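2 protein chains.
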Amino acid sequence: PDWEIIEQDAVRRLRRVFKFGNFAEALDFTNKTGALAEEAGHHPAILTEYGQVTVTWWSHKIKGLHKNDFIMAAKTDQLLKH
Amino acid sequence: PDWEIIEQDAVRRLRRVFKFGNFAEALDFTNKTGALAEEAGHHPAILTEYGQVTVTWWSHKIKGLHKNDFIMAAKTDQLLKH
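Chains A and B supply the protein sequences, listed in that same order.
Residue numbers are given in our numbering: position 25 of the first sequence equals residue 14, and the series is strictly consecutive.
Residue numbers are given in our numbering: position 45 of the second sequence equals residue 34, and the series is strictly consecutive.
These aren't lab readings, by the way, just hints derived from the structure by calculation.
This one's a predicted model, so the numbers in the text were calculated from it and none came from an experiment.
There could be a bad hint or two in this list.
Which copy is meant is left open, so a pair is good if it fits within one copy or across any two.
With a straight-line Cα cutoff of 20 Å, these simulated SDA-like cross-link-like pairs (lysine to any residue) come out [as the list claims (entries may be wrong)]:
no. : residue 1 : residue 2
1   : K64       : Y39
2   : K8        : K64
3   : K70       : I(-5)
4   : K50       : D66
5   : K21       : I(-6)
6   : K56       : A13
7   : K52       : L69
8   : K70       : G53
9   : K70       : V0
10  : K52       : D66
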């Protein structure tokens, strides 16, 4: 499953579920995504669960999706390769 | 706001929202909660956002709340003091 555009609380967002083998690997990906967010000064919602992380990007200021969110989504995908 | 009992996907769960000053502090709390979970072998859902972390405990096996979830909730609260 790739990125989906969803609507939550009347705001369009980009969401993807990333699967992992256990909790520690999921939490590690959460931290990588968090570091990426801090670097960009743009912060997603990151749901960490046993074996999966759900990342949701949207632009708070415009209450919707901006080109930057798609860039951040692509950069999140890149984290899987490290 | 303290712990609330909520029902999500027909499963009763314990949920609390913890507030922080920024993303880094929120992510730090996520990691502390993750370490607690790994130690206990019992894993919550942890939603990390800018300035807040939402922790949700429930028992997967019984699809509901067990005494252990209330203990984990109390231990999560203790993390704020460290």
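- [ ] Determine which of the earlier numbered hints do not hold for this structure and return their numbers in increasing order.
- [x] 3, 4, 5, 6, 7, 8, 9 and 10
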